[in-house]
Amino acid sequence: ITTGMLWMWGAITAVVSIMDYVLPGYFSKVFGGSKAGITGATLGVFAGLFIGPIGIILGPFAGAVIGEMLNQHRTLDEAVKVGFGSLLSFIVGTGLKLVVAGMMMYYIAQDFVGRIEWPW
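Each residue of the sequence shown is one higher than the one before, counting from 1 in our numbering.
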């Protein structure tokens, strides 16, 4: 593995990590969220970090729902729709991370196997 490959994977990892914080707000907006919902989803991401795995999953959802209901006086159905957008963003973000991790493992394994002197 070359230095260039390490820099490339580092950059890809940084982009995916940043997207993990940006996606909840973006998906909230796509699902009809207001600035309050986007802010709530973003705050939910950070609050969820301190709660653990369940908090990371449900934090953006709860933050978006609470933000929409408190500041925009939306119905529960409308707020849950926005929260679902945040939850979907978690699924998309996790999928991106899994794809990148799988690609990294593939390239490392390919490099490792290529260096082995096979007896046959």
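No lab work stands behind these hints, which were simulated from the structure alone.
Every residue gets a Cβ at the ideal spot worked out from N, C-alpha and C, and that includes glycine.
Just so you know, not all the hints are guaranteed correct.
[What the hints assert, rightly or not] DSSO-like cross-link-like pairs, simulated, lysine-lysine; straight-line CA separation at most 27 Å: (1) Lys97 <-> Lys81; (2) Lys97 <-> Lys29; (3) Lys35 <-> Lys81.
[What the hints assert, rightly or not] Quick list of simulated restraints, FRET-style, between CB atoms: (4) Thr13 <-> Phe50: 18 to 24 Å; (5) Phe84 <-> Trp120: 16 to 22 Å; (6) Leu49 <-> Ile1: 28 to 34 Å; (7) Ile12 <-> Pro53: 19 to 25 Å; (8) Ile1 <-> Lys35: 29 to 35 Å; (9) His73 <-> Leu49: 27 to 33 Å; (10) Gly32 <-> Met105: 33 to 39 Å; (11) Arg115 <-> Gly52: 20 to 26 Å.
For each hint, the structure was consulted:
1. Lys97 <-> Lys81: Holds, at about 25 Å.
2. Lys97 <-> Lys29: Holds, at roughly 22 Å.
3. Lys35 <-> Lys81: Status holds; Cα separation ~15 Å.
4. Thr13 <-> Phe50: 18 to 24 Å: Holds, at about 23 Å.
5. Phe84 <-> Trp120: 16 to 22 Å: violated (54 Å)
6. Leu49 <-> Ile1: 28 to 34 Å: holds (31 Å)
7. Ile12 <-> Pro53: 19 to 25 Å: Once the Cβ atoms are compared, 24 Å apart, the range 19 to 25 Å for proline 53 and isoleucine 12 holds.
8. Ile1 <-> Lys35: 29 to 35 Å: violated (43 Å)
9. His73 <-> Leu49: 27 to 33 Å: holds (29 Å)
10. Gly32 <-> Met105: 33 to 39 Å: holds (38 Å)
11. Arg115 <-> Gly52: 20 to 26 Å: At 40 Å between Cβs, range violated.
Hints 5, 8, 11 from the list above are not met by this structure, while the remaining hints are.
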